[in-house]
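Modelling step: build the complete structure from the supplied sequences, incorporating the hints.
2 protein chains.
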Amino acid sequence: MAPQQPIRILVTTPIPPDILAEAVALSPRVLILKEEDLKEKPSLTGEIEIVYGGLVPEQWSLARNLKWNQVPGAGMNGLLTPEVVAHPAVITNAHMHARAISEHLFGMLLMLTRGLHIAYRQQLTRKWDSSSFTHGGLATLPGKTLGILGLGAVGSCAAQMGAALGMRVVGLDRDRAEVPDVETVYGPQRKDEMLAQGDYIMVTLPLTSETRRFVSRREFEVMKPGALLFNVGRGGTIDTDAMVAALESGRLGGAGLDVVDPQPLPPDHPLWTMPNVIISPYCAGKYPDYDAACGRIFLENLRRYLAGEPLLNVVDKKAGY
Amino acid sequence: MAPQQPIRILVTTPIPPDILAEAVALSPRVLILKEEDLKEKPSLTGEIEIVYGGLVPEQWSLARNLKWNQVPGAGMNGLLTPEVVAHPAVITNAHMHARAISEHLFGMLLMLTRGLHIAYRQQLTRKWDSSSFTHGGLATLPGKTLGILGLGAVGSCAAQMGAALGMRVVGLDRDRAEVPDVETVYGPQRKDEMLAQGDYIMVTLPLTSETRRFVSRREFEVMKPGALLFNVGRGGTIDTDAMVAALESGRLGGAGLDVVDPQPLPPDHPLWTMPNVIISPYCAGKYPDYDAACGRIFLENLRRYLAGEPLLNVVDKKAGY
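Residue numbers (our numbering), protein chains in the order written: chain A, -14 to 306; chain B, -14 to 306.
Treat the hints loosely; a few may be bogus.
No copy is singled out in the list; a pair is fine if it fits within one copy or between any two copies.
Once the Cα atoms are required to be at most 27 Å apart in a straight line, the calculated DSSO-like pairs of lysine-lysine come out as [stated by the list, open to error]: (1) Lys112 with Lys271; (2) Lys209 with Lys271; (3) Lys19 with Lys271; (4) Lys302 with Lys271; (5) Lys209 with Lys176.
Since the hints were derived computationally from the structure, they do not count as laboratory data.
Set out below in structure tokens:
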């Protein structure tokens, strides 16, 4: 047999030992490198074929043999520099936190519709007072309309959960025309039509040049009065000042935000203290088995890579997601 | 035609004018009385045939002609005095808040599983810190087991929602052997077997002599370590001291309580400040259209009463619910 070249895999992200062992067992050619190995011998960067995790910008120019980078998350903004876009390496991402993020969305939604944020504020001052719970937001979900901007892994999962909870679901997506549980998928040019229907609007968009400030002053004007808005994509897809104005005027009934712009939110920002706003610090995708779930995606893609099969979750580097 | 006696209906609970008008239009015999009418002429109490709302204890002994009392809620404890139980009048209740209460349950559940109570505590101090969100509670719901104590209107609705969210549902009920979406319905004598399975336990029990302190020290010992407990029935079904001890030891992972014992919770009670406890002040059943939804139940029952048909939601006065 002809001697076979090793496949050098740089791992820069946490991976459970059993999954790493499975990766090594997939082929005798697999050779795992850690960041320490590169520090000792920087020239190794030019021999890396696969990265599980990420490279810093100066490494990309040196990684001439890089074929594939499995990123341990979903969002690409910041990573896709012109150099990375021009590099022939394939980038794949990981969507396994779609369910966690969707549950986070519905947790924020139910907090607002059930007034649990009011209850918790009262709890922290040891106050038992049910008279605060008479506002119109206490509506139940069946029959309400959920509008989802972006029907990728997270948006599709949120659509499934929304339908399961008895809601009518409409959505907006650039690429998809039909998504399970979504009654109508609107294209970006029909944004207003879609926004006008939602009692609750969930934003799961990636941040690209097309989606920056996708929800801005004009969009708040076409939304249903009193609608609730949620964002778990990237803060920059919403015009923060316009959102604050819509909340202040009551045009927007409330918001649940896991991402904001600017992020982290500065201590003196008005969003912190608005009565119907819930802010979580970019933690919607967290769950205890994240490293294992992400490692499993890498493992499956490595198996495909070695077998010459198409990889899962290939990122369109030009589109940005 | 023989002259017909008026049917005197005392209304003591808010009812939208259009629904009251529909009630009056059901029969020319219907005669609506308000509490003011009784104050002017107390002897009228003996002529009341129907009450929508409630009578105070001293009125029950005078209401010799009362045939039916439609109560505008679900819980009976406090109302069913020996005199009321002995009175021949039928009591019906209203369960139309089952969906609101179920959504409240899942709002509290998702707050705890997504760490939104932690996020909200941080928000109130304007703190952006995602490092707090690594605890084991962040698990997603599919594949988890939901155990529901009491499968009446609320418990059945919660079962449907739990199944729709991907959970396996088991339950406990005294009267029902099969409930949609519930894999196994255990009888009260198999309480331990049922409790041992639940990642999340929801209590929707009425308070009766049989259910008082139904969840007590021994029950916390058989639960899964780290289980989350929710109560939207009556506070007295859980032994509060045993629950506080289980929370302190970490045996119980957290709790979401819309009812407590004692209620209202005194300002110095340890439950207020426990880190994984969410307390709402008996507001789970509130929603904006409550009066209308309840009025519709009364209207349908009045139609049935006038037509001689069986009433909906007849309370078993001896069983207590």
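Structure-based check of each hint:
no.	hint	in the structure
1	Lys112 with Lys271	between (31 Å within a copy, 18 Å between copies)
2	Lys209 with Lys271	between (31 Å within a copy, 23 Å between copies)
3	Lys19 with Lys271	within (24 Å within a copy, 56 Å between copies)
4	Lys302 with Lys271	within (25 Å within a copy, 49 Å between copies)
5	Lys209 with Lys176	within (13 Å within a copy, 47 Å between copies)
The structure fails none of the hints (numbered hints given earlier).
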